[in-house]
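Protein chains: 2
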Amino acid sequence: MTISLYSASVPVFQANLKNLKGVLAKAAAFAAAKKIDESVLLSARLAPDMLPMGRQVQIACDFAKGGTARLAGLDVPKWEDTEKSFADMAARIDKTIAYISDFTPAQIDGQEERDITIPVGGTPMTFKGQHYLLLVVMPNFYFHMTTAYALLRHNGVEIGKGDFLGRS
Amino acid sequence: MTISLYSASVPVFQANLKNLKGVLAKAAAFAAAKKIDESVLLSARLAPDMLPMGRQVQIACDFAKGGTARLAGLDVPKWEDTEKSFADMAARIDKTIAYISDFTPAQIDGQEERDITIPVGGTPMTFKGQHYLLLVVMPNFYFHMTTAYALLRHNGVEIGKGDFLGRS
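Note that the protein sequences, when read in sequence, are chains A and B. In this text, residue positions in the first sequence follow our numbering: the first is -7, and each later residue adds one. In this text, residue positions in the second sequence follow our numbering: the first is -7, and each later residue adds one.
This is chain A alone, in the form it adopts within the complex:
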């Protein structure tokens, strides 16, 4: 037995994005209960030169979308970042889950050794499929997933690690 590239990618994105949607639902309920404009939470930052909460969600979605597309050798669809509310963000997550859920294992399995070239800081870099997933896409995906969570937690939303892990 071994792990397939598909099983290490699409189901992992699906599970985590579903959990992120739950975290955002709690944030939306918190904003409504406290009469906080949603844009306050969506624009929250941990440092002035760090991207705000809403961008963290969009980028997490984009690593799931782009990672899946590139593993399958397809062009990455470009989606505009137009979300302005938690409902918009939930729709972005749903759209991402729907997009990646259309991929079949046959499209992704077997791509472990294929070269994948992506721009990193403006410079094209080439990785093997397996390295690309495990050491480029996943660290980035979880980085933005966790930063979105941390920003909401820091702003008082009543969430715990169980929400991040989908256990609550």
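I should point out that these hints are in silico values taken from the structure, not numbers from a laboratory. Heads up, some of the hints might be wrong.
Pairs involving identical chains hold if they fit within one copy or between any two copies, as the list cannot separate such chains.
[As the list claims (entries may be wrong)] Straight-line Cα separation of at most 20 angstroms, SDA-like style, residue types lysine to any residue; simulated pairs:
1. 18 x 95
2. 13 x 132
3. 13 x 128
4. 153 x 38
5. 120 x -4
6. 13 x 127
7. 13 x 64
Just so it is clear, the structure is predicted and the values come from calculations on it, not from any experiment.
Mind docking chain B on chain A? Use the hints.
Then chain B, alone, in the frame of chain A:
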């Protein structure tokens, strides 16, 4: 070609922990330059009921140590959380990397379908090896890795995502 359970675990932990060590080195230099007691950064929190920075590092190490041991079917060694400085934390990371680096692919590959039982919130839960790695250990590992980074970033340490990803 498929991914091996070993390649999806030990090298991923090694790379990320090495990057975390680099992040902590920048935090130590920042504390020294600003004459900030290291304990201030090590005890920083994003919310009063959230674990402090130092614990995030220890727990990230523990998921690498425990995940690797459990995948191989070994008991998890218990290490006391005695670290008080960034040098102590770097040593904890080195000890973790040394521990997991002693495992061979033969000890971990092929454990994808073996049942692994762990306590989750005090209740024993059983997962297959592959699920345990991809949907229990990795989300937890990256959660604590990223939270440690976010806390230092929030406190003014001059780090960027390139440090988290090992690209700077």
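Consistency of the hints with the structure:
For the homomeric pair residue 18 and residue 95, neither the shortest alpha-carbon distance inside one copy (30 angstroms) nor that between copies (41 angstroms) is at most 20 angstroms. For the homomeric pair residue 13 and residue 132, the shortest alpha-carbon distances inside one copy (18 angstroms) and between copies (18 angstroms) are both at most 20 angstroms. In the homo-oligomer, the alpha carbons of residue 13 and residue 128 lie at most 20 angstroms apart only across protomers (18 angstroms), although the nearest pairing inside one protomer, at 23 angstroms, exceeds that limit. Proximity of residue 153 and residue 38 under a CA criterion of 20 angstroms is satisfied in both settings, with 19 angstroms inside one chain copy and 13 angstroms between copies.
Taking the shortest alpha-carbon separations for residue 120 and residue -4, both the intra-copy value of 15 angstroms and the inter-copy value of 15 angstroms come in at or below 20 angstroms. Taking identical chains as interchangeable, the C-alpha atoms of residue 13 and residue 127 lie at most 20 angstroms apart only when they sit on different chains, with a minimum of 17 angstroms there against 24 angstroms within one chain. With identical chains, the CA atoms of residue 13 and residue 64 are never at most 20 angstroms apart, being 25 angstroms at best within one copy and 34 angstroms at best between copies.
In summary, the numbered hints that this structure violates are 1 and 7.
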